[in-house]
Amino acid sequence: MKLRYALIGILAVTILGCKKKNPDPETPAPTTLSHGLLVLNEGLFNHNNSSLSWINQNDHSISNSFFEGKTGRGLGDTGNDLKRYGGKIYVVVNVSSTVEILDAVTGESLQQINMIHNGTPKQPRSITFYGPKAYVTCYDGFVDVIDTLSMSVTQRIAVGNNPEGLAVSNGKLYVANSGGLNYPDVDSTVSVIDLSTNQEIQRITVGNNPGGVCVDSEGDVYVISRGNYSSIPSRMHRINPITDTKEFTYSFDAGGMTRMNDQLLVSYYDYSNSTSHIGLFDALTEQLTVPNYISMSGITTLYGVTYSPVTGKIYCTDANTFSNTGFIHVFSQAGVFERTYNVGLNPSKVLVFD
Amino acid sequence: MKLRLTYCLLTILLGSPCFGQGEPKELDSVEISFSQGANLQLAQTIRVARIQRRLVNDVGQLMSLFTGVQTKSYGGLGGMKTITFRSLGAGHISVVSDHFALSQTQSGQADLGQIPVDFINKLELVGYNPLSVNYPIHSKLAGQIIAMETRHVTKIDTFGINFGTQFGSFGQFDGHAFVSRRFSKLQVALSMKGRRFDGDYPFAYLNGQTTSRTTRTNGDLTDAFGTASVSYFFKPMQKLYAAYSGAYYDKGLPGAVVFYNETANQRLFGNNHLFTLRHSGSHKQLIYSSGASFQQSELNYLDSNYLNAAGYLHSRFISQESTGNTQWRYLSPNDSLSFLLGAGVRYEQLFSETFDTPPTRFSTDIISAFEWIWKGTFSAQLGLQDIQDIRPAQTKHTTVLLPSGEWKIRHKNFSFIAGYRYTVRQPSFNELYYNQVGNDKLLPEKAHLAYTTFGYSHEFGEWRYQGAVQPFYVHATDKILAIPTKNLFIWSIQNIGKSDAYGTEVRQFIEYHKNHLKASVRLQYTFQYTIDLSDPASATYRDVLSYSPLHAGTAELDFEIKHWGTSLLVTYQGERYALNQNIPANLLEDFVLLDLSFFYRGTWREHEFTARMAINNLTNNYYSYIRYFVMPGTNVAFRLSYNLEK
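Same order as they appear, the protein sequences are chains A and B. Here the first sequence stands for residues 8 to 361, numbered as in our numbering. Here the second sequence stands for residues 420 to 1065, numbered as in our numbering.
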């Protein structure tokens, strides 16, 4: 009899021991957006788990369901870009093919723009702004023009294959044509769009698989070509916005760029050995002055870098091997580690609120 | 290489003698198993009556009736279905139909959603059966076998004809026919089946705090299957069997539900051809089988919404597999000792525009086994696999030894089994070479399995009871996992996984049978705790692996009186995680499904006809096995069949 009770006890302990833990209570989303960080978590493809996290800078509490808390619905599948312009926040959701527009004060939803064209999802990727217009690269080979007042698409501008990053300089829009879906025959050009006519006026050849585009304090345009992740390396190129020519290709590895005053933070994640680094590039002298500006210890999968002139801090997003919830690591402008926040799945972009 | 293969195949086939005389001994009857004598069915078997009661469309839908099996259904009536067994992935599982393994060259897994059930006499989940000559050696060395035996290999007296139709919700309609005729020593059989589903079905899903309702589209399916076979019986115990099976399919891929974007427009179409030739028999104390097969599968993937320069993506793959296999078993005169020796070869190639040089693999399998009946039954098996992956730059050579052993004993109505197995699965061609995803440095995935079984059976009057409890432990290393390595869209296959699985399977069966009344209850329950041990520094260390519910099971209640019968199937799938990290955001809800069916069996012109009706998902439960691959709500199916047999 004792043996029977012992066996029943062991079985009960085994089953109960495997029971899931109760979830931690979720911090509610704030009523107004101030003194905090809004983080875009990309989520995973086909999991509909893209999300926005709100980090309260006062008490360091985190709400990982900010968008759902504000709208009662999910953000969708694979959020790819997050920017603030005027009184609005724009979230570009790639696989769901939407652009979500939120109020920058309350975080409430103002509009969801469905980016489907003739039954085909346009797969929006990145967004930038000029005057009253927002410009969104779409993987179907167009840049969509969104009127920021009516919050609707007013025009489509044809560019190259699978455009990715974009930036404005000298009254022109520079669009990186990746051609990523034609792999291995990827694109290598940057489209130049005259913003007075919204017409493509030129294509500049930079390197294989162009991705990120960034403009420095002098208006120079920098483009990353991501190569083929093996024999063709990922490189940074500089374009002269006056002549619209590629002036220089830098020899160091570069996967992403973020402007920090007169400098650029140039990040790189080496997929072959899962190591990463962030270097400091002086945009005035055009030199990589500090190859390892920020210590990467504690960062598993560097996925994005944001600098805020408001707080003077550097925010590194850590995708934590891509299938686990990620982190935001905060550094001072001098590159000194300050603290870490646990956010959602694959954090990539950070907006800073006063 | 082709010459070498041809030589091997000819040697194997010609090596099987056609004995002029011999003592008849039915091949299957000497398969020693616990199904003999004690009436205790420890092997998991689903026979034709139980298969037809379920009114399912494919083999994948039957797999939840086995314990230890986790079904992964990717939605829809014709949707892809794969399984894992005791945490071992589909690559460890070999699907065998009429003694030949179905090709898994490209993806390493068979889509059980593409295998119809209409002509299956017996479906069996086989873990360890070293002395059988009825499964290819490669399959016996795999972790698990799903073995199907169709009407083509069943010996008939004169002739048999069966035809029928099934139709129901979501525009489903199929027709099937089987004809078999015996001419003295020759038996010929022909089976055909065609299916068509519109596939549009309503469903609901939770988006945030809002339940959204819409209709699934792009889930249509058209397919056709046919098999022609010839059996020649030299002697009562010698048989030469040749068959050709062909299949064609064209189906939409509705994919996962993506919020705000319902534009799925991908399709999968292709065809399969399988030629088999097998000689089997017994002579005095020898039992043997030798076989050869050639399979070709063409798979086309078409995405009309793909945003490349062409405006669409069309990928075409053709895989070919040639096999040869021979096994010989010697049974001592007093039946206490058996030995088995066998050898097999496989030659696989995959052709596609993706590959400059077609991936090629040449495998040699050698098996030796023995069984000794003394103080129970002890058996052991030693397999040797030699694999040559022929690559453009080099040939990678892998040799593995695969030991396994089992001891079983029976005392009165009690049975006990304890066993150990070591299995290895090779990376599939997709895992090795596919575009940027493939990794040609992959190592084979290894697994140690240990298990015990406690069985009990009892008959008292009109009642019959059988029960089995099977605790198990599986330790897997070098698990082959796909992870994003370049960005979220560019994944790569890595040997990074390590896991432990502990569990217990419980099967209970009780039946009452008196005159025209038959009632039975079957309970199948699996408790499985599978944890990730890949990296102690990882956030998922010791977390339960994705899509591994702790609890799963089915209950089948069958009642039959004279010509009428009814069945209720209750399926339960417990909570599980969509990703390895065990956080609430990744948790999928458990679900219970109720399927109810009725049948009437009568005679018309002295031949049997059956009318069946099933109401599936009786409670209109919205559920999914894989997150956002939504399954149909309540649906009905009707089936009429007519048998002419002599």
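Worth flagging that the hints you see were computed from the coordinates, not collected in a lab. Ideal placement from N, C-alpha and C gives every residue a C-beta, glycine not left out. Be aware that a few hints might be false.
Unchecked claim - Here are the in silico distance ranges between beta carbons for each label pair:
| no. | chain 1 | residue 1 | chain 2 | residue 2 | range |
| --- | --- | --- | --- | --- | --- |
| 1 | B | Thr629 | A | Leu156 | 25 to 31 Å |
| 2 | A | Arg346 | B | Asp617 | 31 to 37 Å |
| 3 | A | Gly305 | B | Ala812 | 55 to 61 Å |
| 4 | B | Asn1040 | A | Gly305 | 26 to 32 Å |
| 5 | B | His894 | A | Ser41 | 51 to 57 Å |
| 6 | A | Asp277 | B | His894 | 29 to 35 Å |
Claimed, not checked - Rough simulated footprint, nothing fancy, chain B against chain A, three-plus residues with beta-carbon under 8 Å:
| no. | stretch |
| --- | --- |
| 7 | 41-54 |
| 8 | 75-81 |
| 9 | 142-154 |
| 10 | 199-209 |
| 11 | 251-264 |
| 12 | 290-301 |
* Compare the structure with the hints numbered earlier in the document and write down the numbers of the violated ones, lowest to highest. => Violated: hints 2, 3, 4, 10, 11 and 12.
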